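*Asks:* Each chain, letter by letter, is given below.
Protein chains: 2
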Amino acid sequence: MAERDRYALRPGEVTVDHPVQPDAVVQFIGTIRTPFATRADCPRRGDPANGPVCTLEVLPQWRPGLTGLERFAAGDILYWLDQSRRDLVLQAPHSSDRLVGTFAVRSPVRPNPIGLSHVTIEAVHADRVLVRGLDCLDGTPLIDIKPNRCNPPGIG
Amino acid sequence: MAERDRYALRPGEVTVDHPVQPDAVVQFIGTIRTPFATRADCPRRGDPANGPVCTLEVLPQWRPGLTGLERFAAGDILYWLDQSRRDLVLQAPHSSDRLVGTFAVRSPVRPNPIGLSHVTIEAVHADRVLVRGLDCLDGTPLIDIKPNRCNPPGIG
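Listed in order, the protein sequences are those of chains A and B. According to my numbering, the stretch in the first sequence is residues 1139 to 1294, in order. According to my numbering, the stretch in the second sequence is residues 1139 to 1294, in order.
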């Protein structure tokens, strides 16, 4: 219930009456450092061209996995939105009074609260990666880094 | 051990000696139907322009979440690569004798075996979505559908 209390329902929003099914397990591979301390600070969507540089801190056992990432200028970052409720199936997006399905918005509220940002890679160090284009809270758990041969949308 | 046995190590590959940490739980929201019955059938990367049409079958409780998705021509699909080992930190990619870090390849073998494909959306029905651009086995568990305002790489 504590998780639900953080997000009050807006009028008309619809939840599913199913407990979360533990079908598989995610392990965190690090922590994301951003300048966004509260949800109000977070941009609606990250900007891979002009957004602030953020840091992906990688846990020691996974650091060798960064080998070769420096050859890429872009990536897809996955992270776990650990403060989001997971039971909304119809939601009322910010700045809209129309209800839309959870899979028709990129809101953090979803059955699996996995965030995805297309980023530009600024630097790869032995223990961390500097990127632009994230939109998440400081301290968000990191779950994957995937290299991308294509530039993120909006980048030359 | 059964999971590991499915993927023999290639020379020089390095695993981490850490059990999977159960930091969070994923719930499957449906099943993906593709023409790819074996790993050998799967393309190295999906083709959102010319790849075969695949079906995202959505579980009944999450179907209202598709409302409004028909307004989008593209999306990011997340799925759980349930047959992949999770302990490789340096891997020898297919068609290369060089070892690279797990985060410098888009291989299904990663600490969190989450697949991500940028797809074109062909049709949205009440209970399923037809897309092009997937690369995964038939029967792969679906974990998220995110709409995208931009076309996938390689599309107009």
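Hints were generated in silico from the structure; no laboratory data involved. None of these values were measured; they are calculated from a predicted model. A hint or two may mislead.
To be verified - Cβ-to-Cβ under 10 Å is the rule here; a few derived chain A residues that face chain B: (1) L1147; (2) R1148; (3) V1154; (4) Q1159; (5) C1180; (6) V1191; (7) L1204; (8) G1213; (9) R1224; (10) L1226; (11) G1239; (12) P1251.
Every residue gets a Cβ at the ideal spot worked out from N, C-alpha and C, and that includes glycine.
*Asks:* Looking at the structure, which of the earlier hints fail to hold?
*Replies:* 1, 2, 5, 6
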